[in-house]
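Chemist: Sequence:
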Amino acid sequence: MTGPASGVQHLYANDVSIAQSTALTVKNWTKAC
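Numbering (the working numbering), first residue to last: 1 to 33.
None of these hints come from the bench; they were simulated from the model. Just so it is clear, CB atoms sit at the ideal spot from N, CA and C, and this is done for glycine as well. Incorrect hints may have been included.
Derived Cβ-Cβ restraints for the label pairs, each shown as a range [stated by the list, open to error]:
no., residue 1, residue 2, range
1, Ala32, Gly3, 42 to 52 angstroms
2, Gln9, Trp29, 22 to 32 angstroms
3, Leu11, Lys31, 39 to 49 angstroms
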């Protein structure tokens, strides 16, 4: 896919991976406490 739609999809995928790594970090942090 090309154009604006692919840009939006890329941003969305990036947000998902950021959310996943943030969730992992929080989970590890709460486990460590």
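Chemist: Give a verdict on every hint.
Modeler: Here is how each hint holds up against the structure:
1. Under the hint 42 to 52 angstroms, the C-beta atoms of Ala32 and Gly3, about 44 angstroms apart, fit the expected range.
2. For Gln9 paired with Trp29, a C-beta distance near 30 angstroms keeps the hint of 22 to 32 angstroms intact.
3. As the Cβ distance of Leu11 to Lys31 is approximately 30 angstroms, the hint placing it in 39 to 49 angstroms is violated.
Going through the hint list in order, the structure does not satisfy hint 3, though it satisfies all others.
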